[in-house]
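Q: Taken in order, these protein sequences are the chains called A and B. Under our numbering, the residues of the first sequence are numbered 1 to 204, in order. Under our numbering, the residues of the second sequence are numbered 1001 to 1288, in order.
Quick caveat, the hints were computed from the structure, so don't treat them as lab data. Note that the structure is a prediction, hence the values are computed from the model and not measured. The C-beta atom is built at its ideal place from N, Cα and C for all residues, glycine as well. Warning: the hint list may mix true and false statements.
[Unchecked claim] One side of the interface only, derived from the structure: several residues of chain B facing chain A at Cβ under 8 Å: (1) 1023; (2) 1027; (3) 1028; (4) 1125; (5) 1127; (6) 1128; (7) 1171; (8) 1173; (9) 1175; (10) 1177; (11) 1182.
[To be verified] Negatives, chain B to chain A, calculated, CB over 12 Å: (12) 1011; (13) 1021; (14) 1045; (15) 1088; (16) 1130; (17) 1143; (18) 1153; (19) 1169; (20) 1172; (21) 1181; (22) 1188; (23) 1215; (24) 1266; (25) 1279.
Here is how the chains run, residue by residue.
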Amino acid sequence: MRLLRCGADGVLVELGSQAEVAAARAALLTLPGVVDLVPAARTLLVVLTPGAPAATRVREALDGVDLTAAPAVDARSVVLPVVYDGPDLDLVADAAGISTDEVVRLHSGAAYTVAFTGFAPGFGYLTGLPEPLRQPRLDTPRTRVPEGSVGVAGEFTGVYPRPSPGGWRLLGRLADGADALFDPTRTPAALLAPGDAVRFEVAG
Amino acid sequence: MTRALTVLATGPLSLVQDLGRPGNAHLGVPPSGALDAPSLALANRLAGNDESAAGIESVFGGLRLRAGSSCTVVVTGPSAPVLVNGRAAGSHTPVHLRAGDEVEVGSPLAGLRTYLAASGGIEVPAHLGSRSTDVLSGLGPDPLAPGDVLPLGTPTRPPRGADAVPPPSPPDSLAVPVLLGPRDDWFDGPAAQLAAGAWTVSPESNRVGLRLVGTRLTRAAAFADRELTSEPVVTGAVQVPASGRPVVFLADHPTTGGYPVVGVVPGDALAALAQARPGTRVRLRPVG
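If we strip away everything but chain A, and leave its shape as in the complex, we get:
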């Protein structure tokens, strides 16, 4: 673990794995004076209110924390209904050497965690993807991926909160009537936040 200064009141914590990021984040959730606590794939940004040096406060809060242990926090649970009719279902099945039914069974049967967000408001990178579904991005990204599309890329799965260009392999889409991933007029605006537990269920 390394602590890197990030502005006057920020520290970027560099960690060895996604699991360590999750453990460090959980340990800092209750640190007084946290303005921003932003996980990424291998780093965690901590921005604090002005005061004692941020690096000192973060180092003390992480002192003695076992970063190899899964965080013991109460996670919110979110279930997303999915229609598995995505344009890349056959591609993913072929690449994995399994049937499309098996792809659906694997994807909807796994337990996921929101590791971090990015790319667009409300876009969560979910970890926990079964090994056969861990596949590269498309060679040529689509210029427009419809809102609600459910895709996989590398070790992650996720749902596009709004139409955008994108290169993830698409397995399906959120069912009609499912809660929007991001609605700026709703409280909370984002359906998914770091640490949330997520499952996909086959709709219809």
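Using the hints provided, position chain B relative to the given structure of chain A.
A: Chain B only, in chain A's frame:
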């Protein structure tokens, strides 16, 4: 009579801005908010508003509004002509409008962004607690267009005419402090490189980032071909893409980035960047 302002003209770009929606970076939501926050806060104080009320941020003036009822407006930022029904009124001081009056903000003499506050504040719907337009994420209202009607809230305090203040004069060259880190070790002698460099503000700059043209920053040999895994980025971050030309992240910046950040411009130095016209000379002054 409704308490509202009708937009008649916007100039190159006029946006509703308040102090933004900080604290949502973990949801992928940029902070947004007025780039020259002290100027918006001043306009609000002079108008009798809370500093956090929403006003209008305009680039290069050209904003023209018609009052739907009597109200008070204040224009701040760099010195700019303010006209009411074609007659000079003045910036940095409360200006009373009657129903039907038209107020126009001209181009600032120096600098870039003017701020207009109106008594009661602009009360368009808020997104995640803020009325700011985020040009990256599309949160908040669309950029203003002629015909828009902007509702005003109820004034809670009288305007404060007594402390009318002289406008700042944005310089044509800036020395910008930079706190080294988090990825200064990716660069060869980062402090010396920053101190020796000379840049100008690119016309490609916007609310997402201030792009600098000039000295290319070079990476240390050990990091020459390294790829950075995307990591969180703060406002003021001086990101150095593969071109070596730095970009200073402003309020509408993406919450994560995949290029190394050599240092961070402190928050109290960002207002000056908001007023830096294309062509402004920039030196980066490493501190700490």
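Q: Decide, hint by hint, whether the structure agrees.
A: Structure-based check of each hint:
| no. | hint | in the structure |
| --- | --- | --- |
| 1 | 1023 | 6 Å, holds |
| 2 | 1027 | 4 Å, holds |
| 3 | 1028 | 4 Å, holds |
| 4 | 1125 | 7 Å, holds |
| 5 | 1127 | 4 Å, holds |
| 6 | 1128 | 5 Å, holds |
| 7 | 1171 | 23 Å, violated |
| 8 | 1173 | 24 Å, violated |
| 9 | 1175 | 18 Å, violated |
| 10 | 1177 | 10 Å, violated |
| 11 | 1182 | 4 Å, holds |
| 12 | 1011 | 26 Å, holds |
| 13 | 1021 | 9 Å, violated |
| 14 | 1045 | 22 Å, holds |
| 15 | 1088 | 40 Å, holds |
| 16 | 1130 | 10 Å, violated |
| 17 | 1143 | 16 Å, holds |
| 18 | 1153 | 19 Å, holds |
| 19 | 1169 | 27 Å, holds |
| 20 | 1172 | 27 Å, holds |
| 21 | 1181 | 4 Å, violated |
| 22 | 1188 | 18 Å, holds |
| 23 | 1215 | 22 Å, holds |
| 24 | 1266 | 5 Å, violated |
| 25 | 1279 | 27 Å, holds |
Comparing the model with each earlier hint shows violations of hints 7, 8, 9, 10, 13, 16, 21 and 24; every other hint is respected.
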